[in-house]
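Participant: Spelled out, the chains give:
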Amino acid sequence: MADILVYALHYDGAFNKNSLGAVSEGSRLAAALGGQAHAVVVGDGASVELCATLGGYGAARVYRVAGPEGLAQPVVDAMAQLVGERGFGYALFGGGLLGFEIGAGLAARLGAGVAMEVTSVSVADGRLVAERPVLGDSAISQIEFRGDLGIVIGRLNAFEISPPSGEAAPVEDVAVEFSAFSTRARMLSRGEQRGEDVDIEGADILVAGGRGLGKAESFELCTELARALGPGSAVAATRAVVDAGWYPYAGQIGQTGKTVAPKLYFAAGISGAIQHKVGMAGSENIVAVNKDANAPIFEFADLGIVGDLNKILPKLTAALLARREG
Amino acid sequence: MGAGRGVVPSDYPPAVDSRAEFIRREIDGPDDRIDVGVAIVGGGTAGLACANRLLGLLADDPETMERLGEVPVAVIEKAKVCGGHSLSGAVMRPGPLLELFPDVSREQWRKEGFAFGEVTKEAVYLLPNRRSRLRIPPPPPFRNHGAEVVSVAALARFAQKRAEDAGAYVLTETAASQLIVEDGRVLGLRSGDKGRGRDGEPLASFEPGTDIRAQATVLAEGSWGHLTGAAIREFDLGGDREPQVWELGVKEVWKVPRPLDRVIHTIGPWPLSLRPRYGQIGGSWIYPMRDERTGEDLVSIGFVIDLDYADATTSAHDLLQLFKTHPLVQGILAGGERVSWGAKALPGGGWFSMPKLTMPGAAIIGDAGGMVDTVSLKGVHHAINSGRLAADAIYAALAHSSDNFDAYEQTLEQSATGRELYRVRNARQPFQKGFIAGAPLVNLAIATAGRLPAGRLAWHRNQDKPMFIGRTARRYPKPDGRYTFDKLSSVYISGNQTRDNAPNHIRVRQHVPRELAETWRSMCPAGVYEIPPDAPQHGDIDIIVNYTNCIQCGAITAKGGRLTTPEGGNGPHYQNL
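Protein sequences appear in the order of chains W and X. When we follow the working numbering, the leftmost residue of the first sequence carries the number 1, and every step to the right adds one. When we follow the working numbering, the leftmost residue of the second sequence carries the number 327, and every step to the right adds one.
Certain hints may be false.
[What the hints assert, rightly or not] Straight line, CA to CA, 30 angstroms or less: simulated DSS-like cross-link-like pairs of lysine-lysine:
1. X:406 <-> W:215
2. X:406 <-> W:258
3. X:804 <-> W:311
[Stated by the list, open to error] If you want the footprint, here are the derived chain W segments under chain X, 3+ residues with CB under 8 angstroms:
4. 228 to 242
5. 249 to 258
6. 270 to 278
[Said to hold, decoys possible] Which residues of chain X face chain W? A partial, calculated answer using Cβ under 10 angstroms:
7. 817
8. 819
9. 856
10. 874
Worth flagging that the hints you see were computed from the coordinates, not collected in a lab. Note that beta-carbon positions come from the ideal geometry of N, C-alpha and C, so glycine has one too.
Start from the sequences and build out the full structure, keeping to the hints where you can.
Facilitator: Put into structure tokens, the structure is as follows:
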């Protein structure tokens, strides 16, 4: 019962970043439990080679199930069958709407306990303990499971991706008989959920602008800096900036926006109120520029610069461009 | 008006036509509406007392119950759960709640988690300055011996469960946006639309509101009722009364290492200014709360200020933070941790500001009717009592197929609530003259149980007071994140979850003189009003309204703005305030 079954979502020939985090986390937890993490991939577009790459993140085995891609109920069927046949103790999801739907469906189907919006999982006495922020993130509840199966659904980007080892996992094709109701829905098209061309959740480097930029034109400085930082960079914003109409909602970070954890978070003119902090505190490195030395962001930034953004940002952009050309 | 005398908030009225916007003059047909027996607007202390009493009476009268239809009692609540927007001190006189739930003892209140112990000791202090204190014998209104420390947010959750078990239909996350009036009679209400965007456009999640037709409508909306205000204008219920005036309270609950053994009130003057020009009147409370379920020692601490002040930089939130730096408070909080925060406006006018409480088809109860005794800081037991008396009168009328609930007003006047509020009828008004000039008259009123000063002392409305930029803000402490906090981190722990792209429910002029902008920025405990850093020092400026920070305290209406019905489900999520 120490084995963990992890759902991995793929789209357009690549695994979703959240899913890679979930596989990495599953493998770490399974090792602590003395078991293995197995991954399940559902969909006709997943090649054996693609599935095998999950081994690089710690999956000991990958089950490939032919069927419709991107729909919840067929995955519930597949996972319910695998749990029934092979006796997993836990099912793990990386978050996102599909993960929530599948996890909740599986819990209902198998009468299992479920913990959603989980930010961290640990092992105590040979069992998993999930941590879930409650009451608007003002308190943390710890959740343990009583039944045979525990379902853990992470908050978006809560689980860190291990550096890929390059190892390939054995891929096993599993035939699943889908329930009649599972095949009633058809996928017509897939795309980014909010329909905007901003992908801040997948970016390694984020340049985020706040009200401290002063005016809409200054927000351009963030865009230019992100461009100079190269591919893998994107621009994000605080609620105040989105409210002011300088940037679309899809790029909003914080309590009521998205939660991100990039390698580098560059905060330009952001005071760092708790409502913003909860959306980006998981970033690996935080660099903040603000003219107010008392801004709360300096309390949790790794590097802080007190100064005028309108002078610092263009210089930084120019220096980066010069280095790339040189 | 009066340059040099300050800026008068009421000279900058927001665009609101209460009767046109909040009264609906037609009702949807039977297929499109919900029919209920009694619709209670607001699932707080008063509304749920009314619901529970009604269901108790109906349980013994199946005939009337039958006549009220499938949904005999409906409660409409805009918070996520009942109590989510409820906040009070609170030391409660226990009688009315014991009468409402005779089967639940005070020991059980504590086990249910809404009551935290009986008051056995009390202390009242004058605070001459930021270091010293002067203990004085408690004046009669501050005698709380035998009362119970409660959380009205938690009490509402308990009362909601009782009401639901007894058959009430509680619609949470539902705002009441319009009162339906036809031919001079209240027919019910319309619930608010949900899922509109910033400009009012329907989003993918749009759900239109529904007409709810009721044989009796009870307005239990608390301070600043959205429909109560419209009803008062529509039926001229304020006719010969004084205008309502308001106070703002900011409250925190702390977990403390050592139990506090007494209730404490301070009556100033510190941290307020004694200068008459500042017009600041206020005080604080510190109440012990022993949570029997967790064994934790908590304290409730808060600061209340009369919204009739004139210094635009007055901020109840920051005054509470400043108050906490006094050695008297530090001795109690040291080593502790803040666990919750919230703010709420309350009616301060008392007896002479209470509107007429009944109209054809409807009645007003609790804070919506102004039933707060701000001399002794008591309103919870009046709210319960008025809800119960309204239930009695409504039940008696409905049993005889009548929509005349006037008996409620008469029994209320003769009840303990009426008597207690009448006794302090003139005890607060003198403070409009300032603390020094007014205090002797207040003492006279209290000492003579209301007989002197005789007659009826007049009021002015809070929003008619000219505002100037004074120096109160210079004394606010810089938040240290341990004992003192900024507004935004406080809003965060209030559990506020207002949808980012909801329509703005706050009506204010956005281009106003600096004095008014500063008044709003300082007053608002939630940081809703922001002055752009590059705004001119003098003259008119454009303020930024961060309405999604709003915790719906209602204070803005006292200083020239207007809170209108927000979308149901938005706002704070108070647990133990």
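Participant: Taking each numbered hint in turn, which are not upheld by the structure, reported in ascending numerical order?
Facilitator: Going through the list in order, the structure violates hint 1 alone and respects the others.
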